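Construct the complete structure from the given sequences, taking the supplied hints into account.
Residue numbers (our numbering), protein chains in the order written: chain A, 1 to 135; chain B, 1 to 135.
Don't read these hints as lab results, they were simulated from the structure.
Computed from a predicted structure; not experimentally measured.
Some clues are possibly wrong.
Which residues of chain A face chain B? A few of them, derived with a C-beta cut under 7 angstroms, are [said to hold, decoys possible]:
no. : residue
1   : V15
2   : R51
3   : W133
Here's a subset of chain A near chain B, in silico, CB distances under 10 angstroms, partners left out [said to hold, decoys possible]:
no. : residue
4   : I58
5   : E59
6   : N60
7   : R66
Positions of the beta carbon are idealized from the N, C-alpha and C atoms, including for glycine.
Number of protein chains: 2
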Amino acid sequence: MELSEAVRRFAESPVAHLASVRADGAPHIVPVVFALDGATIVTVVDEKPKRARNLRRIENVASEPRVSVLVDHYDEDWRRLWWVRADGRGRIVHEGPELDRAIELITARYPQERARPPRGPALLIDVERWRFWAG
Amino acid sequence: MELSEAVRRFAESPVAHLASVRADGAPHIVPVVFALDGATIVTVVDEKPKRARNLRRIENVASEPRVSVLVDHYDEDWRRLWWVRADGRGRIVHEGPELDRAIELITARYPQERARPPRGPALLIDVERWRFWAG
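Structure below.
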């Protein structure tokens with residue numbers, strides 16, 4: 001598998017797994033829906049501002065911006081296993097054109113979000129390194 | 001969803017996602033095959049001793065035993081989404097009856113491992129907390 005193919009597979013997956021680090025140093029992991037926008041992984045939460053600050057992944061990225069995002073494929077035929085991992089830095093966007101664009105990308109990708117688009121904030125992850133493997 | 005059902009779904013998934021923390025404080029994430037043995041998540045790698053010590057997840061658990069393991073289900077119908085997360089402490093077992101049992105559990109669960117069982121070491125995760133969510 002080449003990098004371009006790995007990034008394509010990552011982008012086409014409807015779900016990814018986001019690992020971040022808590023202020024106390026323990027890891028945290030959560031599934032996320034996302035859109036890949038160039039070299040940025042776009043996710044949007046739907047919370048009131050006060051609750052958003054307390055959302056674990058938002059809190060984590062505020063204290064430790066480094067995150068790791070995984071897309072993987074399981075198959076009973078292990079020759080067909082593969083995974084693609086993006087290591088990067090997260091940042092929280094509470095308002096402005098970057099949030100508007102993030103909401104637009106997510107609602108364009110997921111019809112499930114269209115009836116009531118997420119309010120934000122956006123958690124944008126600037127990818128610094130791709131790693132991938134195929135069986 | 002109740003805890004017993006959450007743990008059952010976790011145990012039945014053929015693959016989980018393991019988040020650990022690197023010595024430099026950044027998160028790391030990798031898919032793993034596993035078996036749930038009571039309150040312990042059992043995984044086994046297949047490496048020569050020297051290479052095993054340098055394997056990222058092994059190195060990470062040696063410096064920071066806290067890990068987080070996720071199983072999740074994606075569905076286009078978001079009412080059917082669910083995830084189950086186990087937070088716990090990892091420990092590396094290089095030899096002895098715990099390694100033997102781990103190899104036995106993994107080869108019993110995965111026919112793919114039977115032709116050439118993994119040598120070890122085992123990464124055993126003692127679960128301290130279950131968290132789960134269903135749409």
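We went through each hint and held it up to the structure:
Given hint, A:V15 at the interface with chain B, holds; its Cβ is 4 angstroms from that chain's nearest Cβ, closer than 7 angstroms. Interface hint status for A:R51: violated, as the beta-carbon distance to the closest one in chain B is roughly 16 angstroms, over 7 angstroms. Because the beta carbon of A:W133 sits about 9 angstroms from the nearest beta carbon in chain B, more than 7 angstroms, this interface hint is broken. Taking 10 angstroms as the C-beta contact cut-off toward chain B, the hint placing A:I58 at the interface is violated, the least distance being around 15 angstroms.
Given the 10 angstroms rule on beta carbons, the hint for A:E59 is violated: about 14 angstroms separates it from the nearest Cβ of chain B. About 9 angstroms separates the beta-carbon of A:N60 from the nearest beta-carbon of chain B, less than 10 angstroms, and the hint is met. With a least beta-carbon distance of about 4 angstroms to chain B, the hint placing A:R66 at the interface is held under the 10 angstroms criterion.
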